[in-house]
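Asker: Sequence:
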Amino acid sequence: MYVRRNGAGRTRRIATTAGLASAALLVTQLALVAPASAVPGLMLKVTGGPSNSDWKTTNAQCPVGTTVLGGGGRIVSDNGNGQVTMDTMLPLFGGGGYSVTGREDGNGFGGDWSITTSALCAPEAAGLETRTQLSDNNSNVGKTMDVECPPGKKVLGLGADMSGGMGRVVIDDLRPSADLTKITVAGMEDGGPDYLDNWTMVGKAICATPPAGLVRVTGFGTLDSNTPKTAVARCPEGKRVHGVGGEIDNGQGEVRMTAMWANSSTTVTVTGAEEEGGYGNSWAVKAYAICA
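Start counting the sequence shown at 1; every next residue gets the next number (the numbering used here).
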């Protein structure tokens with residue numbers, strides 16, 4: 001287990017995509033009206049990257065004097081549902097922002113696509129630190145692990161990386177626990193031919209002394225075989241989003257998360273889509289908002 005202070009065998013599941021195209025860099029910043037119980041100075045920064053057919057990373061940078069509390073992203077494409085995966089969703093080293101990397105699946109995707117990344121930023125919260133856990137480096141089809149916060153601290157944000165997966169390993173579960181004392185990360189190889197290379201799963205929990213009124217809110221999607229589908233988690237009245245999580249339920253590696261992001265100051269949206277070959281079983285998406 002690594003601790004960084006911020007100045008900042010077989011089962012299958014997951015994937016990545018949404019709609020809109022963007023060739024130029026788009027940066028917007030929205031200051032959140034923070035109630036007394038929220039982290040003071042909380043703001044949402046959203047960055048859109050270039051649209052092409054290359055694997056790519058888009059970073060949402062926090063303003064000077066602030067550090068990242070949480071973040072997420074989405075794949076933006078006209079027809080890429082299920083063929084592009086977000087295999088890295090992590091806070092930047094030093095807490096300067098949030099980073100999302102997307103890659104096409106094993107047989108590629110002929111269209112252009114881009115990544116929109118969101119970062120939730122604020123002046124450094126009390127007791128803020130990032131805890132990092134690594135899985136074994138091997139070729140197992142699926143891996144799951146927990147990353148715990150120290151006693152007395154709670155999860156504000158979270159992230160994961162499927163290092164070495166090269167688009168064939170997807171983030172299946174990036175979930176804060178109900179009591180916000182830990183996160184669960186799960187990675188799965190996709191539904192294509194067996195992926196023989198070794199890969200490592202990295203999980204990061206952004207922990208802090210909990211602000212008043214900190215809660216996890218869950219948004220449930222429908223359990224059926226339709227694709228794509230979306231779940232939305234909304235903060236209770238008077239609370240704002242501080243962190244983002246998502247999950248594909250029973251995707252078996254043939255459903256990909258195409259969005260897991262704070263699309264407003266009070267909502268988290270998670271979208272899933274089946275691979276282009278389809279998936280015959282019922283599945284669902286879940287969205288998690290960490291609110292205060």
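Careful, some of the hints might be misleading.
Calculated cross-link-like contacts (lysine-lysine; reagent style DSBU-like; alpha-carbon spacing at most 35 Å) [unchecked claim]: (1) 286 to 229; (2) 182 to 56; (3) 143 to 286; (4) 286 to 56; (5) 143 to 182; (6) 56 to 143; (7) 229 to 56; (8) 143 to 229; (9) 229 to 182; (10) 286 to 182.
I should point out that these hints are in silico values taken from the structure, not numbers from a laboratory.
Asker: Could you tell me which of the numbered hints above are not met by this structure, giving the numbers in increasing order?
Answerer: Violated hints: none at all, because every hint is consistent with the structure.
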